[in-house]
Structure formats: structure tokens, C-alpha cells
Amino acid sequence: MIVKVLLTLWMTAMIVAAFLYAGAAAGFPGQTSRILFFHVPQAWVATLSFLLSMVASCMYLARRRVRVDYVALSAAELGLLFCILATATGSIFAKATWGSFWNWDPRQTSIVILLMIYGAYFALRSAVPDPEKRRVFAAVYSILAFVTVPFLVFVVPRITASLHPEDTMNPANPGMDPKTLKVFLGSLFAYTGLFVWMLRLKIRLLRLEGRQEPEFIITEKLRQEGEKR
Amino acid sequence: MRRGRWITRTGQSTYLNEALAIWLRDLRGEFRTRYAVNAILMFAVTTLIAVSFSIGSFRIAEAEKPFLYSVLLWIILVFSALSGLSRSFVKEEEAGTMDVLKLSARPQAVFLGKLFFNLTLLGALEIIIVPSFILMMNYKIKHPGLFTAMIITGGFGLGAGTSIVAAMIAQASARGALFSVLSFPLLLPLMITAIKGCERAADGMNTAGWPEVRIAVAYTVIMIIMSLFLFPLIWEE
Chain S
1 MIVKVLLTLW
11 MTAMIVAAFL
21 YAGAAAGFPG
31 QTSRILFFHV
41 PQAWVATLSF
51 LLSMVASCMY
61 LARRRVRVDY
71 VALSAAELGL
81 LFCILATATG
91 SIFAKATWGS
101 FWNWDPRQTS
111 IVILLMIYGA
121 YFALRSAVPD
131 PEKRRVFAAV
141 YSILAFVTVP
151 FLVFVVPRIT
161 ASLHPEDTMN
171 PANPGMDPKT
181 LKVFLGSLFA
191 YTGLFVWMLR
201 LKIRLLRLEG
211 RQEPEFIITE
221 KLRQEGEKR
Chain Y
1 MRRGRWITRT
11 GQSTYLNEAL
21 AIWLRDLRGE
31 FRTRYAVNAI
41 LMFAVTTLIA
51 VSFSIGSFRI
61 AEAEKPFLYS
71 VLLWIILVFS
81 ALSGLSRSFV
91 KEEEAGTMDV
101 LKLSARPQAV
111 FLGKLFFNLT
121 LLGALEIIIV
131 PSFILMMNYK
141 IKHPGLFTAM
151 IITGGFGLGA
161 GTSIVAAMIA
171 QASARGALFS
181 VLSFPLLLPL
191 MITAIKGCER
201 AADGMNTAGW
211 PEVRIAVAYT
221 VIMIIMSLFL
231 FPLIWEE
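Residue numbers (this note's numbering), protein chains in the order written: chain S, 1 to 229; chain Y, 1 to 237.
One or more of the hints may lead you astray.
Which residues of chain Y face chain S? A few of them, derived with a C-beta cut under 7 Å, are [said to hold, decoys possible]:
1. 168
2. 174
3. 182
4. 226
5. 230
6. 232
Just so you know, these hints were derived from the structure itself, not from any lab.
Quick reminder that beta carbons are idealized off the backbone N, C-alpha and C, glycines included.
Produce the complete structure using the sequences and hints provided.
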């Protein structure tokens, strides 16, 4: 509860600061550079959850704990959500600066493939009836998909040049305005916090749903009977 | 005699022996039913005819040909492969021979055998489709060596990327659609590379180093190694 309140306050402060405290970066038409405070953290969280889902999948294959699979599934679901958000905000920015919502910039290509991977992951999960098998297959697929990502990072940029702003908005670049940097890092923190909070909610939800499954009820009954004896 | 030599478990039963035994068994089964070959080839030929009929060899400007033709060629190859490659595992599930196969060979050997079989199918597909495409579309290739290498390594990549997915979807419901849905994101990097490589071979510019062929080889090796790691997990469930 406390976390929720703090997160709300922090998020509100960041949104206000993004529009009132930080200035618009030079070299971008109008106020468009303010997308930095929303789009980049979303893309960061999408990447983070993809990574988390893959790590949890590896751990599931090694240990076969259902709880770890809950982490992988929740991270994938939230990853899809943030991926869609990043795609939508990115394409609004593309319209404002490049003139069209969609033009197959390498960044747009790789995010579409990421969306397709998430889509395939959920399609696979819904198509395997046996729960144990479903978890193993999903984990295997998630690892396989992760292996192909380096190819996308190195291959697709070779094909066409990207228009995606990198240097002007890179926090590592000393040219970034200190106020902008402050708000950007704060926003990154807020989004990561939001992600962790949502992830924990989702895992709890899955755990409660898992108790309804016949598998769990049977093992639980056996355990109680064993205690009686 | 011949059969006994391959399948014997008393002598030295290596991974390669078992894989070859499975490959030969699948080939024999395929010669009897010709299911996968028919599915893949008919799909490919139909698509090729549709493309060739609607575009013809003069509709596209000469300067655009290297790129557009290589896109069309790879779309035909990838989607015909996706229409039939899952067969190698699905048929085991349908015939109920999955359990016997699990008992009679080690998982990695099963995977390799199936991979060899899929590669054989892809080889047959490419031998028939690529020359017909070049003839029907009047596709001029300035650098045939690079083109051939790209087609071959691209074919290996296709087989390597789809075989483990076939093993998964054989045990799922809604197999046909799921195979394409799952394979396509994994194949996309390869497909983009192969299209670029064939375009380069056709227009004959900047062919030094063959970067696309090397990327395709790296993709193939990585996918095969990952599959060998992961396949036992989905096979022994």
C-alpha cells in the first residue's frame, strides 16, 4: 500500500517535471523532445522484462519450480504491454519528426519482431494443454527467441541507416542538459518501480489462480492427509 | 543386413549412427507416402506460378529486379518450408511412434536425424524452385558463386531454425498455424540477411567478404547448438 502511494506521488512528480521543469531539447521540432521522459523508460522496461523472462525461463528449466515460471509469464505479459506502449509513443514521435507514423526504421523493425515474439510466446502457451509441458515449451521458446536478438541488433542496422535519435538524447553524452538528465533518470526510476510493482501483483495473482488448478488441489490434499496420519 | 548395420545397439552406437538411422528411416517413410515433399513442393510451385503469372519477367524495372526478385524468392522459399517442415515430428505424434522413438535413440540423435531429414527436404525444394524461379522470372545473377552459397547457407539456417519448433508444436494443439507463428520471428533475421545476400549476388556490387553468408552460417551454428541443448528438455517430457 505504502509502495503504491509513493509510486503514485513519484510518477505524478515526474510527469509534472517532464512538462514544467525540464526544457525542450534543441534540434527537435517544438516540444517533441519531451517524449524522452516517457518513451525511453518504456522501451527500457520492455527490454528489462524480456531479459527477466528469459532468465526466469532458464531457471525454470534448471529447477522446475512453478513460482519461477510465474515470474517468466508475468514478465512476458508486462513486457508486451510496455512494448506496445513504446511502439505507440515512438510512432507518434516518428509522425512529428520524420513525417510518417511508420517507415520501417531499424528500431521499428526490431520492436515489431519483439512484439511478434511475445505474440508467438502466448500463442504457444495457449496451445499446449498439459501445464508442465506448457511451462517447459514456453521456457524453451523464450530462450530460443532471445538467442536470435543479437542478430537483429547487428543485422538489421546493416540493411538501412536509422533515423532514431541516439547521441543528442543519450544520458552518457555530456551535452545533455542537467535538468533534462535529472528528470530522465527520475522517470527511468519511476517506470522501473512501476514495473516491479505490477510484476509483484501479477505474480501474486498467478499464484492465487494456481491454487485453483487440480494439480495443486490434489497435492495439497495429499499433504494434509499425510499430516493427519 | 543394411538395416541391421545402422540400427544395431550392441556395437558402437554413436550419435551419428543413430541420427543416420533415423534419417534413413524418415527418408524411407517419405518415399512411401511422399506427404511432406508433395505439400512443400506443391505449395512452392503454386506460389511461384502465381508470382510469375501476375508479375512476369518484364513488369519490374531492370534496376529494381535484384532486390525485388530476391524478396519474392525468399518469401516463396520460407513459406513453402513452413508449410511442410513440421511434418517430420507431427507424423510421429499422429502415428503414435513418438514413445518408441524416445526409447530407441538418444534425444540429440533424434534431433540430428530430423534435422538431416528437414535439410534433405529443403535441398530438394531449393534444387527445384530456385532454377525454375531464375528461368521463369528471367533473373540475372552477376555473381553465381555468392548466390549459390547464400541459397545453400540460407537453407541450412531455415532447417536449423525450424526443427526444434516442429518438435514443440507436434505436442501442441492447432499445429499447422502455430508452426508458422512460432517459426517466423525466429527466422526473420535469417530471412532479412538472405534477401540482402541474394540482392548483392544479383547486382554484383560489394560482394567482397560475403558478410551475409557468414551471418547465415553463424545463425545456423548457433541455432543447432541451442537446439541440441534444449531439445532433450522438450523431448523427454
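Comparing the hints with the structure gives:
{"no.": "1", "hint": "168", "result": "holds, 5 Å"}
{"no.": "2", "hint": "174", "result": "holds, 5 Å"}
{"no.": "3", "hint": "182", "result": "holds, 5 Å"}
{"no.": "4", "hint": "226", "result": "holds, 5 Å"}
{"no.": "5", "hint": "230", "result": "holds, 5 Å"}
{"no.": "6", "hint": "232", "result": "violated, 10 Å"}
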